[in-house]
Amino acid sequence: MGKKLTSRSEDYSKWYNELVVKADLAENSGVRGCMVIKPYGFAIWEKMQAQLDKMFKETGHENAYFPLFIPKSYLSKEASHVEGFAKECAVVTHYRLKNAEDGSGIIVDEDAKLEEELIVRPTSETIIWDTYRKWIQSYRDLPLLVNQWANVVRWEMRTRLFLRTAEFLWQEGHTAHTTKEEALEEAEQMMHVYAEFVEEYMGVPVIKGTKTESERFAGAEETYCIEALMQDGKALQAGTSHFLGQNFAKAFDVKFANREGKQEYVWATSWGVSTRLMGALVMTHSDDNGLVLPPKLAPIQVVIVPIYKGLEQLDAISEKVDPLVKELRSKGISVKYDKRDTHKPGFKFNEYELKGVPVRLAIGQRDLENGTYEVARRDTLQKESVQAEDIIGKIELLLKEIQENIYQKALDYRAAHITQVDTYDEFKRVIAEKGGFVSAHWDGSIETEDKIKEETKATIRCIPWKAEEQQGVCMVTGKPSTQRVLFAKAY
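FYI, the numbering used here numbers position 476 of the sequence shown as 476, with every residue one higher than the one before it.
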């Protein structure tokens with residue numbers, strides 16, 4: 001499997017980049033800032049997608065698909081929205097190529113200029129709200145609960161696989177409602193759905209909250225978020241849900257006739273998570289040996305490696321293993337029986353450890369004679385010998401234990417890295433030396449928020465959800481504050 005990974009303690013960023021590539025999750029492409037998601041990485045994303053899609057449908061949402069291209073005039077209709085995305089937009093200006101007359105190659109045909117430039121979608125609010133104008137006439141058409149699985153382009157200058165790429169995959173929900181209260185309830189509901197998914201399936205603990213005005217989504221009146229803490233003490237925004245008020249409805253003239261027949265603007269939300277969750281998954285649980293995957297999202301939950309000399313021994317082992325594979329699959333457990341003769345068992349052990357397969361079984365001649373399997377769990381690297389008649393129950397127990405253990409380990413790490421401070425000097429020291437979340441009073445002003453960011457590179461990650469009121473004074477200005485907020489350096 002090549003040389004060992006750089007350790008996390010030596011260079012966390014390098015460890016992450018090496019692991020994503022060596023574990024066959026993704027690689028850089030020939031297009032600057034864009035990645036190729038490899039089959040093993042995409043298999044994890046598919047499991048995430050399937051579970052999220054199920055949760056969306058259980059809350060009444062339906063999937064649709066909208067165009068990749070957005071007319072420039074649409075984007076300019078909502079002022080704060082265009083301002084928020086203008087610097088990241090890829091623009092299509094022509095629709096045809098031609099051969100250069102001097103034979104030097106293909107060039108853009110200057111006669112094929114578009115009448116109006118098209119923006120490659122950075123997000124779909126504008127094209128969707130232009131469409132909703134045709135779909136919504138009456139209160140009977142509401143609520144409109146639509147989700148889209150798509151790719152988007154944001155022309156990032158500094159990219160990192162999964163965490164920040166010029167093109168990425170995501171889902172974006174866009175809903176329309178008759179009342180402000182209903183739209184707020186929807187935005188809050190989706191924050192809770194995201195938190196449930198990330199904690200229950202990814203095994204990553206999150207803190208729910210709202211963003212400050214300067215950190216909100218462009219065009220939103222409120223942004224709800226879930227924030228996770230990575231092993232290097234940096235925060236990662238794992239998902240956001242936005243209450244858009246009537247901003248987009250007014251920009252695109254989306255009205256409905258209420259029960260009294262009067263015309264009103266609809267109320268809106270949007271919400272999304274992306275392949276950035278793949279980065280969170282890698283950085284939260286993995287170790288210096290490779291990936292550590294939660295069983296609920298692992299493409300291969302159990303791998304079985306035979307140890308044999310000659311085809312006769314392999315046949316005898318396969319006779320024992322094949323029924324086990326069949327029974328595990330009947331229970332919904334994904335299993336791989338790796339009997340390749342092109343690689344030795346030691347190579348396979350290293351490969352599946354690197355790829356984070358939760359449970360590994362090994363069976364050789366002695367195990368056949370004793371009616372046992374050697375069982376190794378990926379999270380703790382512990383091994384034990386298990387009787388064949390007990391193996392199904394053991395595997396089911398281990399998958400449950402591993403899922404719970406990696407969540408608890410991440411939760412314990414986060415608990416040890418939330419620090420409460422009262423002075424700005426203490427804040428600067430903790431941010432520089434310890435990292436993690438820092439709980440501190442803030443006066444609520446953008447000026448103070450900007451000053452802290454400029455001087456420490458820490459940002460307000462969230463105003464914790466429904467936290468108790470706690471009177472205090474801002475650590476920077478000494479002005480009154482009613483609640484602590486969470487700061488951190490972030491991805």
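No lab work stands behind these hints, which were simulated from the structure alone. There could be a bad hint or two in this list.
Taking lysine-lysine pairs in the PhoX-like style, the calculated list, with each CA pair at most 25 Å apart, reads [as the list claims (entries may be wrong)]:
#  : residue 1 : residue 2
1  : Lys296    : Lys47
2  : Lys451    : Lys489
3  : Lys113    : Lys134
4  : Lys331    : Lys394
5  : Lys348    : Lys400
6  : Lys180    : Lys296
7  : Lys14     : Lys4
8  : Lys331    : Lys208
9  : Lys47     : Lys331
10 : Lys47     : Lys394
11 : Lys54     : Lys208
12 : Lys47     : Lys400
13 : Lys400    : Lys296
14 : Lys57     : Lys87
15 : Lys14     : Lys409
16 : Lys383    : Lys208
17 : Lys309    : Lys320
18 : Lys113    : Lys72
19 : Lys400    : Lys428
20 : Lys208    : Lys326
21 : Lys296    : Lys344
DEER-style ranges, computed between Cβ atoms [claimed, not checked]:
#  : residue 1 : residue 2 : range
22 : Ala86     : Asp412    : 37 to 47 Å
23 : Met157    : Lys394    : 42 to 52 Å
24 : Val31     : Trp149    : 15 to 25 Å
25 : Ala86     : Gln471    : 49 to 59 Å
26 : Asn17     : Lys479    : 21 to 31 Å
27 : Ser385    : Gly60     : 42 to 52 Å
28 : Gly478    : Asn151    : 43 to 53 Å
29 : Arg366    : Lys54     : 37 to 47 Å
30 : Glu260    : Lys400    : 50 to 60 Å
31 : Asn151    : Lys479    : 23 to 33 Å
32 : Gly393    : His192    : 26 to 36 Å
Bear in mind the structure is a predicted one, so any value in this text is a computation, not a measurement. Where is the CB? At the ideal position from N, CA and C, for every residue including glycine.
Verification of the hints:
| no. | hint | verdict |
| --- | --- | --- |
| 1 | Lys296 / Lys47 | holds, 8 Å |
| 2 | Lys451 / Lys489 | holds, 14 Å |
| 3 | Lys113 / Lys134 | violated, 29 Å |
| 4 | Lys331 / Lys394 | holds, 13 Å |
| 5 | Lys348 / Lys400 | holds, 24 Å |
| 6 | Lys180 / Lys296 | violated, 36 Å |
| 7 | Lys14 / Lys4 | holds, 12 Å |
| 8 | Lys331 / Lys208 | violated, 34 Å |
| 9 | Lys47 / Lys331 | holds, 17 Å |
| 10 | Lys47 / Lys394 | holds, 24 Å |
| 11 | Lys54 / Lys208 | holds, 22 Å |
| 12 | Lys47 / Lys400 | holds, 17 Å |
| 13 | Lys400 / Lys296 | holds, 9 Å |
| 14 | Lys57 / Lys87 | violated, 34 Å |
| 15 | Lys14 / Lys409 | holds, 23 Å |
| 16 | Lys383 / Lys208 | violated, 37 Å |
| 17 | Lys309 / Lys320 | holds, 16 Å |
| 18 | Lys113 / Lys72 | holds, 14 Å |
| 19 | Lys400 / Lys428 | violated, 41 Å |
| 20 | Lys208 / Lys326 | violated, 41 Å |
| 21 | Lys296 / Lys344 | violated, 28 Å |
| 22 | Ala86 / Asp412: 37 to 47 Å | holds, 43 Å |
| 23 | Met157 / Lys394: 42 to 52 Å | holds, 50 Å |
| 24 | Val31 / Trp149: 15 to 25 Å | holds, 21 Å |
| 25 | Ala86 / Gln471: 49 to 59 Å | violated, 41 Å |
| 26 | Asn17 / Lys479: 21 to 31 Å | violated, 42 Å |
| 27 | Ser385 / Gly60: 42 to 52 Å | holds, 50 Å |
| 28 | Gly478 / Asn151: 43 to 53 Å | holds, 48 Å |
| 29 | Arg366 / Lys54: 37 to 47 Å | holds, 44 Å |
| 30 | Glu260 / Lys400: 50 to 60 Å | holds, 54 Å |
| 31 | Asn151 / Lys479: 23 to 33 Å | violated, 44 Å |
| 32 | Gly393 / His192: 26 to 36 Å | holds, 34 Å |
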